[in-house]
Structures are given as C-alpha cells and as structure tokens.
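Asker: Sequence:
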Amino acid sequence: MQLADMYNSARLASGYAFSRPPVHPLVIQRIVTHGILRARRIARALDVGCGAGRSTAALTPVAHTVVGVEPAAAMLVHRRAVAPGASFVAGRAEALPFANASFDLITAAGSLNYTDRSRSLGQIARVLAPGGVLAIYDYSSGRRCHAAAALDAWFGEFEGLYSYPTGYALDVEQLDYGSAGLRLAAYDPFEVALELTLDAYLAYVLSEANVERAVAAGAAEGEIAAWCTEQLAPIFGSSTLAVLFTGYVAYVIADAA
Numbered sequence: 265m266q267l268a269d270m271y272n273s274a275r276l277a278s279g280y281a282f283s284r285p286p287v288h289p290l291v292i293q294r295i296v297t298h299g300i301l302r303a304r305r306i307a308r309a310l311d312v313g314c315g316a317g318r319s320t321a322a323l324t325p326v327a328h329t330v331v332g333v334e335p336a337a338a339m340l341v342h343r344r345a346v347a348p349g350a351s352f353v354a355g356r357a358e359a360l361p362f363a364n365a366s367f368d369l370i371t372a373a374g375s376l377n378y379t380d381r382s383r384s385l386g387q388i389a390r391v392l393a394p395g396g397v398l399a400i401y402d403y404s405s406g407r408r409c410h411a412a413a414a415l416d417a418w419f420g421e422f423e424g425l426y427s428y429p430t431g432y433a434l435d436v437e438q439l440d441y442g443s444a445g446l447r448l449a450a451y452d453p454f455e456v457a458l459e460l461t462l463d464a465y466l467a468y469v470l471s472e473a474n475v476e477r478a479v480a481a482g483a484a485e486g487e488i489a490a491w492c493t494e495q496l497a498p499i500f501g502s503s504t505l506a507v508l509f510t511g512y513v514a515y516v517i518a519d520a521a
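Counting from 1, position 113 in the sequence shown corresponds to residue 377 in our numbering; the numbering is continuous, with no gaps.
None of these hints come from the bench; they were simulated from the model. Beta carbons: idealized from backbone N, C-alpha and C, even for Gly.
Each pair of labels, with its calculated beta carbon distance range: (1) E437 - T461: 34 to 44 Å; (2) Q438 - G501: 40 to 50 Å; (3) G442 - A274: 38 to 48 Å; (4) A345 - W491: 24 to 34 Å; (5) Y428 - Q293: 26 to 36 Å; (6) E421 - G395: 44 to 54 Å; (7) A489 - A433: 20 to 30 Å; (8) P361 - A414: 41 to 51 Å; (9) S351 - A414: 41 to 51 Å.
Kindly produce the complete structure, drawing on both the sequences and the hints.
Answerer: Below is the structure:
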C-alpha cells in the first residue's frame with residue numbers, strides 16, 4: 265500500500281474522525297496565542313490536508329470562516345459530524361481552488377509530507393493574505409507516560425509487530441520557503457499530556473497508520489485489538505494515564521519585499 269493511498273480507506277476515515285486524541289485544539293490554542301498571531305483577528309482560516317476534519321474543527325472557535333481542503337475525498341465522509349461549523353473542499357495543496365490572498369491563517373497538520381513542496385508552498389503563498397501566517401505542525405504518536413514507563417516498551421513491541429509505512433518524515437526547518445516568497449519565522453517544539461482511558465487509547469492505536477497497513481494486507485483487526493487489549497490492560501489498570509504527545513509548530517510568514 266502506498267502511503268497516500270491508505271487515506272482512501274473508510275476504516276481509517278472513521279478512526280480519524282472519532283478515535284484520535286484531542287491534540288489539535290491544544291495546538292491551535294498555542295498557535296493563536298503565539299506572538300505572531302496574538303494581536304491579529306482571524307477572519308478566514310484554511311486547513312490544508314485536513315483529513316477527517318479534526319484539525320479543521322479545532323480552528324472554528326478562533327476564526328470567523330474555516331475551510332478544510334483534502335485530496336482523499338473518502339476522508340471527508342464524516343465532515344458534518346466532525347466539524348459542522350466548517351466548509352470542506354476536495355482538492356490538492358498543489359492546486360488550491362481559492363482566490364489569491366484569501367486566508368489570514370493557513371494550517372497544515374502533518375500534511376505537507378505528502379505533497380510536492382515546491383508546488384504546495386507556492387500555492388499556499390498565493391492564497392495567504394498579506395500579513396498572514398502559515399502554521400505547519402505535527403506531533404508524535406502517544407507512546408510515553410511519566411507514570412508508566414511500560415507504555416513506551418509496549419509501543420516499541422507494537423510497532424515492531426505492525427510496522428509503519430515509510431516516506432512520512434519531513435524536516436520543516438529545511439524546506440525551501442524562500443522560493444515561494446515565504447520565510448520560517450519561528451520553530452516552537454512542544455509536549456502536551458492527555459488523560460486517556462484504556463478504551464480511548466485502544467481506539468486511538470487501532471486508528472494508527474501501521475494498523476491500517478496491516479489490516480489492508482490481510483491481518484484480522486479483531487486479533488490486533490485483542491492483543492493490544494491484553495497487553496495494555498496491566499499498564500492502564502483501572503485508571504487513566506497522562507499520555508505524552510511531542511510535536512512542533514513552524515510559523516511561516518511572507519518574506520519582506
């Protein structure tokens with residue numbers, strides 16, 4: 265299975281819509297309180313590569329108009345349930361179907377990885393309004409917990425059994441922004457903790473790309489779920505765990521003339 269092809273999966277669309285941990289709202293709050301945006305009213309925001317719409321939904325409390333654009337139309341099937349306050353368009357970052365200078369804030373959450381960056385950054389620069397900001401962000405899988413070191417050990421075994429697709433890595437600090445008339449203004453690493461129950465964590469890991477890859481190759485999802493439950497139950501016990509997600513936000517602005 266090609267990395268981008270998995271996003272045409274109805275199973276993955278449901279998992280991304282309803283089973284992912286709520287990291288996006290925390291990141292968006294971080295973005296809108298950053299010095300680059302703190303004093304700026306956000307009239308229109310665009311979420312590039314929005315997936316099932318969770319990252320788009322996180323923008324609706326902070327912008328008057330919010331639009332998500334996603335190349336895999338199958339991922340948008342639950343959009344009205346996930347983000348009823350947003351609009352969605354099936355389209356590619358390399359050919360954004362919007363007028364010039366349309367958006368004050370553009371976000372890209374782990375989505376530029378799949379694009380031709382020379383074209384997608386040029387298109388983003390075109391639709392970004394003067395003084396607007398592109399916030400590129402991503403975060404790691406939730407595999408660590410200060411109170412339960414066994415979670416990291418379990419996750420290592422989990423990804424050893426069910427390997428992740430290759431080709432996702434992206435170093436946003438090394439992208440050629442200048443060719444698009446953009447400039448990396450700030451790079452902000454972060455770590456957030458979310459209290460998750462065993463059931464919530466199980467639903468989350470079953471929505472991970474490595475499980476989707478295994479199921480697409482013929483593995484039985486029920487067997488994967490049973491193994492995960494058996495291994496995770498002693499780690500979680502009857503309580504929640506504060507699962508850590510480590511990530512970054514890269515703030516990109518139009519270069520000075």
